[in-house]
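Protein chains: 2
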Amino acid sequence: MAPTEKTDLLQGTLDMLILKIVALGPVHGYGISQRIRQISKEVLNVQQGSLYPALHRLEKRGWLSAEWGDSENGREAKFYKLSAKGRRQLAQEEASWNRLSQAVELILGAAQQEA
Amino acid sequence: MAPTEKTDLLQGTLDMLILKIVALGPVHGYGISQRIRQISKEVLNVQQGSLYPALHRLEKRGWLSAEWGDSENGREAKFYKLSAKGRRQLAQEEASWNRLSQAVELILGAAQQEA
DNA sequence: TTTCTATGCATAGATAGTCTATGGTTCCGG
DNA sequence: CCGGAACCATAGACTATCTATGCATAGAAA
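Quick mapping for you: the protein sequence lines, in order, are chains A and B.
Going by our numbering, the letters in the first sequence line up with residues 5 to 119, in that order.
Going by our numbering, the letters in the second sequence line up with residues 5 to 119, in that order.
Hints are computed from structural coordinates only; laboratory data are not their basis.
It should be emphasised that the depicted structure is a prediction, and the values quoted were computed from it without experimental measurement.
One or more of the hints may lead you astray.
Note that the list lumps identical chains together, so a pair holds whenever it fits in one copy or between two copies.
What the hints assert, rightly or not - Cut-off 25 Å, straight-line C-alpha distance, at most; resulting in silico cross-link-like pairs (DMTMM-like, lysine to aspartate or glutamate):
id, residue 1, residue 2
1, Lys-89, Glu-76
2, Lys-45, Glu-63
3, Lys-45, Glu-98
4, Lys-45, Glu-109
5, Lys-89, Asp-12
6, Lys-45, Glu-76
7, Lys-89, Glu-109
8, Lys-89, Glu-46
9, Lys-85, Glu-109
10, Lys-64, Glu-98
11, Lys-89, Glu-63
12, Lys-85, Glu-98
Can you make the complete structure from the sequences, with help from the hints?
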């Protein structure tokens, strides 16, 4: 999908974003989406239908571990923690993101030359 | 798809990259993929199976116009030009890219605080 | 009381972009 | 003569994300 105003995310970055947020400390799923929205200043908005499947995917790959607990509001919530494997994965995804986004910037920075 | 080393592109940026390259001047399809690779310093690599469908898509949407002509090597090639509509679309996609990539950077820049 | 919103989890199905694999033609160099 | 690069193209698979939907509880508002 083209990154137009219809998209809530840059495709392919969701896993990295989740891993990064969880790296800041244990959080439950709903909290992850809130923090992504807040830190990105309301630009990035993870739909619940994207979030939960992603969390299950990351857990299945051994990058996150989950545990039920009580949320700040005293409600049941599933808290996620980053595993060592997840930490390595995050580093890799960040490196890849930097490579690729810088490459995109190179293209966008290419001088305009004609009418 | 996660932006790992298995990906040749940042998903969702292909249309923008193509529009940008064509904005530099008329080019044929094969040349577009070469320029993307060169300008990005061999980081971005557009597969032919991604390129040609994308070009047809962009043409159908009225962002590009195509015309057969002779390549630098004297071979038949389809040259693409950016339309006014395509120029507007490019501007929009660039703005969107900036918004979203900056938002991603905000997340990645969030301070690490614990073990 | 009823109703709406926020918090919290989850799945099914549609959409769509990109990749792999394949196919073909022409031209040039070894 | 053969291989590879220059060119175009399509079919099928994969997979990430979105939309739509479902459920439950708590608190505020009406």
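Which hints from the list above does the structure break, by number from lowest to highest?
Result: hints 1, 2 and 8 break, sorted rising.
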